[in-house]
Amino acid sequence: MNFQLIGVNHNSAPVEVRERLAIPEAQLPDAIRTLVQQPGVDEGMVLSTCNRVELLTSTRQTTDLRDFLRSYFGVSPDALNSHIYEFEERDVVRHVFRVASSLDSMVVGEPQILGQVKEAYAIARGLGAVHSALEALLSRAFAVAKRVRNETAIGSSSVSISAVAVQLAEKIFGSLRNRTVYVVGAGKMAELAARHLIAHGAGTILFTNRTHERAVQLAEAFGGQAIPFERLYETVGRADIVLTSTGASEPLFRREHGEQLLSRRKNQPMFFIDIAVPRNIDPEMNRLDGMFVYDIDDLQAVTSSNSTERKKEAERAEKIIDVEVERFATRMKSLAVVPTILSLQEYCETIRQAEIDRIRGKLGTLTPEQEAAIDVMTRGIINKLLHTPITTLKSTAAEPEAATIHEIIRRIFNLNSNSNSGKPNK
Amino acid sequence: MPLFWLRIALALYGFGLLYAVMAIWGERERLTRIMLPTVGLGTVFHFVSVIESVRLTDFDTSWSIHQFESLLAFLLMAFFFAIYARYRTASPGIAIFPLAFVLTLSAQSYSENSPTNPTPFHPVWIYVHVALVLVGYSALIVSFVASILYLIQERSLKAKGVARFWSRLPALATIDEIGYRCLIFGFPFMTFGLIAGSILAEAKFGAGYFKDPKILLSILMWVVYTILLYTRWSAGWRGRRAAYLATCAFAAAAVAWVANIRP
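Residue numbers (this note's numbering), protein chains in the order written: chain Z, 101 to 526; chain P, 61 to 323.
If you're looking for bench data, these hints aren't it; they were derived computationally from the structure. Note that this is a predicted model, so its numbers are computed, not measured. Any given hint could be a false lead.
Derived SDA-like pairs: lysine to any residue, alpha-carbon spacing no greater than 20 Å straight-line [what the hints assert, rightly or not]:
id, chain 1, residue 1, chain 2, residue 2
1, P, Lys274, P, Thr307
2, P, Lys218, Z, Pro383
3, Z, Lys366, P, Arg300
4, Z, Lys366, P, Ala295
5, Z, Lys271, P, Ala83
6, Z, Lys366, P, Ile287
7, Z, Lys433, Z, Arg194
8, Z, Lys366, Z, Gly274
9, Z, Lys271, P, Lys220
10, P, Lys220, Z, Gln267
11, P, Lys218, Z, Ser404
12, P, Lys220, Z, Ile396
13, Z, Lys366, P, Thr286
14, Z, Lys366, P, Ala233
15, P, Lys220, Z, Val377
16, P, Lys220, Z, Ser260
17, P, Lys220, Z, Ile261
18, P, Lys218, Z, Ile261
19, P, Lys218, Z, Asp382
20, P, Lys220, Z, Ala299
21, P, Lys218, Z, Lys433
22, Z, Lys288, Z, Lys271
23, Z, Lys366, P, Ala83
24, Z, Lys366, P, Leu289
25, Z, Lys271, P, Ile244
26, Z, Lys366, P, Leu305
27, Z, Lys271, P, Arg148
28, P, Lys264, P, Pro248
29, P, Lys220, Z, Ala263
30, P, Lys220, Z, Glu409
Turn these sequences into a full structure, and let the hints guide you.
This is the structure we're talking about:
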């Protein structure tokens, strides 16, 4: 295994550096082709997202990928050196596993990165730039990512306020389809949360604001309906989810409002998301059956406890990665001896055939039984002779002395290490 | 033979019980994958056992109480799988599995050779009566379980804490729908079951039969059931109030059941 990886990500480099290295999708094929044309590079893949740019290669000999970066992007070495990270061999495996499993993401556990890696892989594969070692590495990485997702709860909790609001709404209403959202006030956060709720299928969306024009603007932007602020109380009963973010100094909704709403709505639950400070909704309302009131602190508390939860889950995920890296390295090592075993067998077979041809002239005509007997006998000799070298190669593949044993066997049998053709050297 | 199948079912239900216990600790996803097929197989064996019992019945004698327990446990499991098929949630199992397990455990303790009670009624009708009432009971029990789950979920949402286990319960609206649909489904069964019972009793004993406390309890239970359904339908009572009413109906049903089996 000869893996090399070089890259920058959101931790190592500021956005100014990342954007200079970012490769638009249309240019990816060109970048990959240039990469695999570098001396010593067998396979290559480029991952370029808004948070990272990485070049992944499988090489015959160590290649200066920094050099490629500098020349391809035309950036001066000094501008890059402090921001770049570079990995080799096993560290590459670990890094690729971590990236695919979303452990290296800005928001740990976010699900998009796996799709991005898969896409980058598909492009490189389509160009023939990924075929053997990288193919094995990436398909393993996808399996590891799946395992991490299945065995840990890393992606199950939301870590942004809007996402938490959606998650809570779904916990109350199940699907958000056919649910009505009422946005009271026009704060940036309320807008963001509304956007999230709509993206999750919320049905009707109503806007109201003290400045009616603003409500109209928002209604147009989101395909909703603007309602004059004076009609708030008579219309709020239509909503299942109410998002408040007005600058009112007194609460807009008190317990009494809640009681009225419940009887008007036949006790159907309502979810109030109050992102205003001071609060727009009296927290007393949360005491009513069927009324759920979350203020900004409540949402933040859920968010941060989810983040803590994710950190714990990420630790579990790292352990899975450790095991998987070990397993992959062992597999790659045992794969590394396969060509040698094949050459060895081929080498002996060539000798056997040559010797049989040589003796056949001396023996005259042979009956089919005699032919078969010679064949069986010579094969038997070869198999018995090769048994120990082959089993030793296999069993020591993962051990430190593997390289030495490998080399000794190749030398003893004079296997041409460049061609792997199995022809004995003359 | 029905007993043999019933015992196999019981052993398989043991996994369901284990699931219910483990679910409290939070380990659920992987368990669900093993639990469902196992408990499902148990239910199939249970079904075989019930069918065998019916086949072996000569209709001159009444079933023993244990056979009715077995039927009730089977109906509960059938409800569980019907809900699972529709809503993809195994959460009601937390309460249904232990209940079904205990009922089955008690049911398998009877002896196949024990003398059965001669019945004073026309035998087919009594089976119709009991079967209808048992379906009604099962619906009521499941609805009761749903209202408890609703309360737990409501509390955890209001507490705003992050309770990991309960957070895996289905959405509030889903639990509510399960409870409500079970009520609606069970109501005609309960009603016709009780009517069938009344007709039988009146034919045999005349109007005096209705002074029997257990009959009054059954009627009370039916009245609470009706109130429960009515308040849910007209005023949308759910959550705490529905849970209280369901508890009353469930308690009346339980007492009526006990009163009916221990004359």
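message = Taking the earlier hints as the rules, which of them does this structure contradict?
response = Hints 20, 21, 22, 23, 25 and 28 contradicted; others consistent.
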